[in-house]
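A.B. asks: Now for the letters of each chain:
2 protein chains.
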Amino acid sequence: MTSFKDRSLPSSPSTRSGRVVALCGGVGGAKLALGLETIIDAGQLVIVVNTGDDFELLGLRISPDLDTVLYNLAGLSDQARGWGRANETWNFMAALKEFGGESWFSLGDRDLALHVERTRRLHAGETLTGIMRDMARRTGISAELLPMTDEPVRTIVHTVEGDLPFQHYFVKHGCAPAVTGISFSGADDATANPTLMRALADPELTAVVICPSNPFLSIDPILAVPGVRAALQRTAARVIVVSPIVGGQAVKGPTAKIMNELGLSVTSDTIAAHYAGLVDGIVIDSSDAADAASLDIPVHVTQTLMRSAEDKRNLARAVLAFASSMDETPAAAARLTGSTR
Amino acid sequence: MTSFKDRSLPSSPSTRSGRVVALCGGVGGAKLALGLETIIDAGQLVIVVNTGDDFELLGLRISPDLDTVLYNLAGLSDQARGWGRANETWNFMAALKEFGGESWFSLGDRDLALHVERTRRLHAGETLTGIMRDMARRTGISAELLPMTDEPVRTIVHTVEGDLPFQHYFVKHGCAPAVTGISFSGADDATANPTLMRALADPELTAVVICPSNPFLSIDPILAVPGVRAALQRTAARVIVVSPIVGGQAVKGPTAKIMNELGLSVTSDTIAAHYAGLVDGIVIDSSDAADAASLDIPVHVTQTLMRSAEDKRNLARAVLAFASSMDETPAAAARLTGSTR
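Protein sequence lines correspond, in order, to chains A and B. 972 is the number that the numbering used here gives the last residue of the first sequence; the numbers go up by one with no jumps. 972 is the number that the numbering used here gives the last residue of the second sequence; the numbers go up by one with no jumps.
Derived by calculation from the structure, the hints in this document are not laboratory data. Heads up, a few of these hints could be off.
The list makes no distinction among identical chains, and a pair is therefore deemed to hold if it is satisfied within one copy or across any two copies.
Subject to a maximum C-alpha distance of 20 Å in a straight line, what follows is the list of computed SDA-like cross-link-like pairs (lysine to any residue) [said to hold, decoys possible]:
#1 Lys803 <-> Arg692
#2 Lys728 <-> Ala755
#3 Lys728 <-> Gly706
#4 Lys728 <-> Ser939
#5 Lys728 <-> Arg768
#6 Lys888 <-> Gly771
#7 Lys888 <-> Asp820
#8 Lys728 <-> Val930
#9 Lys883 <-> His804
#10 Lys728 <-> Gly771
#11 Lys728 <-> His746
#12 Lys883 <-> Gly731
#13 Lys728 <-> Leu753
#14 Lys728 <-> Val897
#15 Lys728 <-> Val802
#16 Lys728 <-> Ala705
#17 Lys728 <-> Asp765
#18 Lys803 <-> Met724
#19 Lys728 <-> Gly761
#20 Lys728 <-> Arg751
#21 Lys728 <-> Ala717
#22 Lys728 <-> Thr770
This structure is a prediction, so every number in the text was calculated from the model and none was measured.
With the rest of the complex left out, here is chain A:
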């Protein structure tokens, strides 16, 4: 298992792709998810996305991370802005302000269509899973794009200024208040997406990739859904995390700030420790190569910063090759210590 579909190259008759699960949040995760989608056979990639950031605004159900991944994989995302759609206009928001509507969260005119149509279909009784599957199909995405659960899980950020719903912390307060903790309201009562659970239990599963997303805000909500953590511990596939730290900083967002506020060093050591017992290996950026020595799990050092489509594809290839390279090593034994298998 060394070759994967590559859309940029003529397909080789000898290629075969394994089934892969990717766990991810928004922007950083979406980039690697796109890289994975471009090299993995249609239907073989299951992308499971954080919904802890979801919220209701103006009566609409917004799923920021799912939409970021959808837009990236569909080629609809705005690369410069980093969120939302390309060729976006903002006339809805301008008019909404005239009418006194809530305007702290920017919704582009094109983006709005997804929220309105999703909300309508949810109210008509469809599941978020079913709706996103259809949206992905309509926009030509070959991967399965899934919410971690169809039940409401809401990330609450505990700060020195009080508890804040995630989007209030992230957008309204611009991540300014110092974080003291994070919790996931509703997670205990949520049911993990059955497609995720089936994929993790599949003996043919090749790899689980934890994308370079914020561990606390993007991946922990997924792990907080009952059964997911245990299923990761039990899976036959190698579990690889791509560290979101590059050169001792987070590429984007409040990851580094939160790590500082929680008294954690902004290093891949902290990331590895965070996922201890869950992952078989970690991929870290070349600029942090010096950290490799202190890590007590297998490490692959490569460029994790993804600026171009090629960067995304290269990182995806490197991660899968790293997982594949472990097949004959005893590395998994360490992860499986204490598991129920």
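Please build the complex by placing chain B on the supplied structure of chain A, with the hints as guidance.
C.D. replies: Relative to chain A, chain B alone:
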């Protein structure tokens, strides 16, 4: 009572405006409503709008006639297109089509803000009356802009191809199927807007103007709400209808087509007969001056076609002057025959 506020002229210290009620539907009605608003003192004009065309689309509550009047009075309407907002963009609709959303009814990006915010506020428990009052205030409208009722009334068009909800008849089918009748679902259980009922009962009310809207589709729904017809018969004010017929044709929309299909002649005679017992006088267009002889209620002949702001103001002035001119005539007695007063 011969002078009214005119924004285009320096205000005269001797002006005083009476309280006026206008009943109207969409485009044609909105033009005269705007003319009235420009000459009547702030707070003295009550515009009561048809909500029989209201419907739910994409989970949003759309009130086409109310919005047309709002946009016209707020100076936000698109004059060339005749509906919706000026400087409109259509990126929401384009994206909605990508996601398979219902797209037969065009919602502009700016226009959408009103629907989203109205729907949110309705779901939060506010009345349509309260919401539209606030929207009118926010957009600088000095008149009271009211739905005929806060309860759902839905115009059903009976056609040779079956019964159609109004917007399906009007937009989806482009008014093509021949009309055999019209009914107003929910009207019997609706409560007339209390502000309308108070205004009609006010002994100080100067005039009631039935705007040049489609009598069957725009005014009849208002008259179908229990109590409105009787209150119009009892009101102390003169009730004047402005005929929507110009030169034996309707200016816009399916009025003439429907009149033909219902076996009615497309003349102001038919309009006068339609409102028999309710109106004290009719205003008809100069091009139909020959019809005046056969009308058995007082007639004022003037230009009713409104192309410019001046046309709207002039017609508004003419209508109010016509109502005022009746104060010393016995004309009202004819209308009041058979009333309960």
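A.B. asks: So, for every hint listed, does it hold in this structure?
C.D. replies: Now the hints, each set against the structure:
1. Only within a single protomer do lysine 803 and arginine 692 lie at most 20 Å apart by alpha-carbon distance; the minimum there is 17 Å, versus 28 Å between protomers.
2. In this assembly of identical chains, lysine 728 and alanine 755 lie within 20 Å of each other by CA distance solely across copies; the values are 19 Å between and 29 Å within a copy.
3. In this homomeric assembly, lysine 728 and glycine 706 come within 20 Å of each other (Cα to Cα) only across copies, at 17 Å, whereas the closest approach inside a single copy is 30 Å.
4. Taking the closest pair of Cα atoms, lysine 728 and serine 939 never come within 20 Å of each other, the shortest separation being 36 Å inside a single copy and 29 Å across copies.
5. In this homomeric assembly, lysine 728 and arginine 768 come within 20 Å of each other (Cα to Cα) only across copies, at 14 Å, whereas the closest approach inside a single copy is 34 Å.
6. Taking the shortest Cα distances, lysine 888 and glycine 771 never come within 20 Å of each other, neither inside one copy (36 Å) nor across copies (45 Å).
7. In this assembly of identical chains, the alpha carbons of lysine 888 and aspartate 820 never lie at most 20 Å apart, being 30 Å within a copy and 59 Å across copies at closest.
8. When the C-alpha separation of lysine 728 and valine 930 is checked against a cutoff of 20 Å, the pair qualifies neither within a copy, at 50 Å, nor between copies, at 46 Å.
9. Taking CA atoms no more than 20 Å apart as the test, lysine 883 paired with histidine 804 passes inside one copy only; the shortest distance there is 16 Å, against 51 Å between copies.
10. When the C-alpha separation of lysine 728 and glycine 771 is checked against a cutoff of 20 Å, the pair qualifies only between copies, where the shortest distance is 14 Å, while the shortest distance within a copy is 35 Å.
11. In this assembly of identical chains, lysine 728 and histidine 746 lie within 20 Å of each other by CA distance both inside one copy and across copies; the values are 19 Å within and 13 Å between.
12. Neither within a single protomer nor between protomers do lysine 883 and glycine 731 lie at most 20 Å apart by alpha-carbon distance, with minima of 32 Å and 33 Å respectively.
13. For the homomeric pair lysine 728 and leucine 753, the shortest alpha-carbon distance between copies (18 Å) is at most 20 Å, but the shortest distance inside one copy (27 Å) is not.
14. Within a single copy, lysine 728 and valine 897 get their C-alpha atoms no closer than 40 Å, and across copies no closer than 44 Å, so neither meets the 20 Å cut-off.
15. With identical chains, the CA atoms of lysine 728 and valine 802 are at most 20 Å apart within one copy only, with a shortest distance of 17 Å there and 29 Å across copies.
16. Taking the shortest Cα distances, lysine 728 and alanine 705 sit within 20 Å of each other only across copies (15 Å), while inside one copy they are farther apart (30 Å).
17. Proximity of lysine 728 and aspartate 765 under a CA criterion of 20 Å is satisfied inter-copy only: 13 Å between copies versus 32 Å inside one chain copy.
18. Proximity of lysine 803 to methionine 724 under the C-alpha cut-off of 20 Å is restricted to the intra-copy arrangement: shortest distance 16 Å within a copy versus 28 Å between copies.
19. For a Cα distance limit of 20 Å, the shortest separation of lysine 728 from glycine 761 across copies, 18 Å, qualifies, whereas the shortest one inside one copy, 33 Å, does not.
20. Taking the shortest Cα distances, lysine 728 and arginine 751 sit within 20 Å of each other only across copies (14 Å), while inside one copy they are farther apart (23 Å).
21. With identical chains, the CA atoms of lysine 728 and alanine 717 are at most 20 Å apart between copies only, with a shortest distance of 17 Å across copies and 22 Å within one.
22. In this assembly of identical chains, the alpha carbons of lysine 728 and threonine 770 lie at most 20 Å apart only when taken from different copies (11 Å versus 31 Å within one copy).
Violated hints, in rising order: 4, 6, 7, 8, 12, 14; the structure is consistent with all others.
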